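**Student:** Listed below, chain by chain, are the residues.
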Amino acid sequence: GDSVTQTEGLVTLTEGLPVMLNCTYQTIYSNPFLFWYVQHLNESPRLLLKSFTDNKRTEHQGFHATLHKSSSSFHLQKSSAQLSDSALYYCALSDPTNTGKLTFGDGTVLTVKP
Amino acid sequence: EAAVTQSPRSKVAVTGGKVTLSCHQTNNHDYMYWYRQDTGHGLRLIHYSYVADSTEKGDIPDGYKASRPSQENFSLILELASLSQTAVYFCASSYRGDSGNTLYFGEGSRLIVV
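So the protein sequences, as listed, match chains A and B.
Under our numbering, think of the first position of the first sequence as 31, with each following residue one higher.
Under our numbering, think of the first position of the second sequence as 264, with each following residue one higher.
Everything labelled a hint here was simulated from the structure, so no lab data went into it.
Please note that the accuracy of each hint is not assured.
Claimed, not checked - FRET-style restraints, in silico, Cβ to Cβ:
1) A:38 - B:322: 19 to 29 angstroms
2) B:281 - A:114: 38 to 48 angstroms
3) B:313 - A:85: 30 to 40 angstroms
4) B:283 - A:45: 42 to 52 angstroms
5) A:144 - B:326: 39 to 49 angstroms
6) A:113 - B:365: 20 to 30 angstroms
Everything numeric in this text was worked out from a predicted model, so none of it was measured.
All C-beta atoms, glycine included, are put in the ideal place defined by N, C-alpha and C.
Take the sequences, apply the hints, and build the full model.
**Tutor:** Pasting the structure below:
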């Protein structure tokens, strides 16, 4: 079945430094949708960005990610971390058979310190 | 106002007891989902539904039942609650099962089984 791997369980950064959260995936489908969801403390997950197009950069709220099918990767990046970026980040893969089901990675907790 | 609402938000249940978690959405979405969140395991799909009066098994359905009596309502039922079912449960909805559609999550229901 589908799987999503987020190698870092916890990332701690100083404010102003760049952010990179890793995400790789496995799927039998050639046209997956990839997503990043963000969950702030005591809140529910919400969509941060998503992509379907190979090698195209997708941006939202200062974050960006590029889907690379050749390496099955969809890493999340930001040039300068802010304190408000502290949250739990999930990478997810969509089942393209129109069930709408998402397979989530285990998540990465990002903590940004002053 | 919240478009996906869950009740109860928090519950303590006794081992072997029955628990029902309810979800109501006003998004007019076709698809609804129940996910379970555990630290280190991300979000895992329990049951989902395409349409009223029909439910499908997700990735971890054992020990859970689901009911979709109307388009707006989707319940998760634990007939015999066990300690291992202590977790946070999220309901979500999406417009259709199209691959790129966004999931909208409820606030979560924290269940503690003692």
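**Student:** Hint by hint, note whether the structure agrees.
**Tutor:** Structure-based check of each hint:
At roughly 23 angstroms, the beta-carbon separation of residue 38 of chain A and residue 322 of chain B lies within the given 19 to 29 angstroms, and the hint holds. Hint check: residue 281 of chain B to residue 114 of chain A, Cβ distance near 41 angstroms, so the stated range 38 to 48 angstroms holds. In this structure, residue 313 of chain B and residue 85 of chain A meet the distance hint of 30 to 40 angstroms, their C-beta atoms being roughly 33 angstroms apart. Checked against the hint of 42 to 52 angstroms, the C-beta distance between residue 283 of chain B and residue 45 of chain A comes to roughly 44 angstroms, which is consistent with it.
At about 44 angstroms, the CB distance of residue 144 of chain A to residue 326 of chain B agrees with the hint of 39 to 49 angstroms. Range check, residue 113 of chain A to residue 365 of chain B: Cβ separation about 26 angstroms, and the 20 to 30 angstroms hint holds.
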